Amino acid sequence: MHLKEHIIKNIAMVSAVAMFFCACEDSYKRVGDEAALKVYPQGIASDFTLTYTETQKELNTQDSSASRIIAILKSPLSEDYDNLKFPFRTFPKGLQVDYYDEQGLKSTIVADSAIIYTRTNLIDLRGNVVLETHDGKRLETPQLYWDRSSEWIFTQDRFTFSNPEEGSVLNGVGMDFNRDFSYFNAHKTGGEMLIKEEEL
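In terms of my numbering, the sequence shown opens at residue 71 and continues consecutively.
Calculated directly from the structure, the hints in this document are not laboratory data. Keep in mind that a hint or two might mislead.
[Stated by the list, open to error] Here are the simulated BS3-like pairs of lysine-lysine, each with C-alpha atoms no more than 30 Å apart in a straight line: (1) Lys-207 to Lys-176; (2) Lys-144 to Lys-176; (3) Lys-207 to Lys-155; (4) Lys-176 to Lys-108; (5) Lys-207 to Lys-163; (6) Lys-176 to Lys-163; (7) Lys-176 to Lys-258; (8) Lys-155 to Lys-144; (9) Lys-108 to Lys-144; (10) Lys-163 to Lys-144; (11) Lys-207 to Lys-144; (12) Lys-108 to Lys-155.
Remember, predicted model here, so these are calculated numbers, not experimental data.
Using the sequences and the hints given, assemble the complete structure.
Quick look at the structure:
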C-alpha cells in the first residue's frame, strides 16, 4: 500500500512540474508575440502623384502663377506612415521622380522602390536606380539617396556613370554630387573614355 501511494505521489509531482514548464513556455511565447507590434500605414494611395512647387516670394492670394514646379513624383502605390514617431512614406512598387531646373529642363530618377523620410526630407531609392539628366548624363546604381533639403545626391554602392558629351563611362563605388552634376565627387573609380577619330 505504501509503495502504491509513493508511486501516485511521484506521478503527481512529475505532472505538476511538467505543467509548470509548459505554462512558462506558453506564457513566454504570448509575451513575445505581443511585444512584436505590427505597424500598419495610416493611408494607402494607388496611382499616387505628388507635385513639389516653390515660390519666389510669399503669395498674398491663391494665385499660383508666381510658383514653379520643381519636382513631380509618381508611383503605382504609396503607403503613408506619417502617424509614427519617425514618419515616412513608402513606395513598394516603384516610383519615378521628374525634377526641373530653373530653366524648366527635366531630369528623371526611377527606382524599384523608395522611402521618403518626412522629417529629414531624405529619399532612399532602391533597386535598379537610374538617373538621367536633361543633357543625357546617366547614373545607374542599386541604391541612391537624395537629400531634398540640400539638393545633394549620394550613394555608397557601386555605380556606372556615362556622359555622352565627353564620351566617357565611369565605374566605381560611392559618389556624391549636386542635382545637375555640375559638381560630383567619385570615391573609388575606374572607367574608359571614348575618343572619336577625326574625319580625314
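Hints and how they fare:
Taking the CA atoms of Lys-207 and Lys-176, the gap is near 12 Å; set against the 30 Å cutoff, the hint holds. For a cut-off of 30 Å, the pair hint linking Lys-144 to Lys-176 stands: about 15 Å separates their Cα positions. Of the supplied pair hints, the one linking Lys-207 and Lys-155 is violated, its CA atoms being roughly 38 Å apart against a limit of 30 Å. Between Lys-176 and Lys-108, the direct Cα distance comes to roughly 40 Å. Violation of the 30 Å bound is thereby established for this hinted pair.
A threshold of 30 Å between alpha carbons decides the hint, and for Lys-207 with Lys-163 the separation of about 25 Å falls inside it, so the pair holds. Distance restraint check for Lys-176 and Lys-163: the Cα-Cα separation of roughly 23 Å lies within the 30 Å cut-off, and the hinted pair is therefore satisfied. Taking the CA atoms of Lys-176 and Lys-258, the gap is about 29 Å. The hint holds against a cut of 30 Å. The straight-line distance between the Cα atoms of Lys-155 and Lys-144 is roughly 25 Å, inside the 30 Å bound, and the hint therefore holds.
Our distance criterion of 30 Å between C-alpha atoms is met by Lys-108 and Lys-144, whose separation comes to about 27 Å. About 11 Å separates the Cα atoms of Lys-163 and Lys-144, which keeps this hinted pair within 30 Å; it holds. At most 30 Å may separate the alpha-carbon atoms for a hinted pair to count; Lys-207 and Lys-144 meet this at roughly 22 Å. For the hint linking Lys-108 to Lys-155, the alpha-carbon distance of about 15 Å falls within 30 Å, and the restraint holds.
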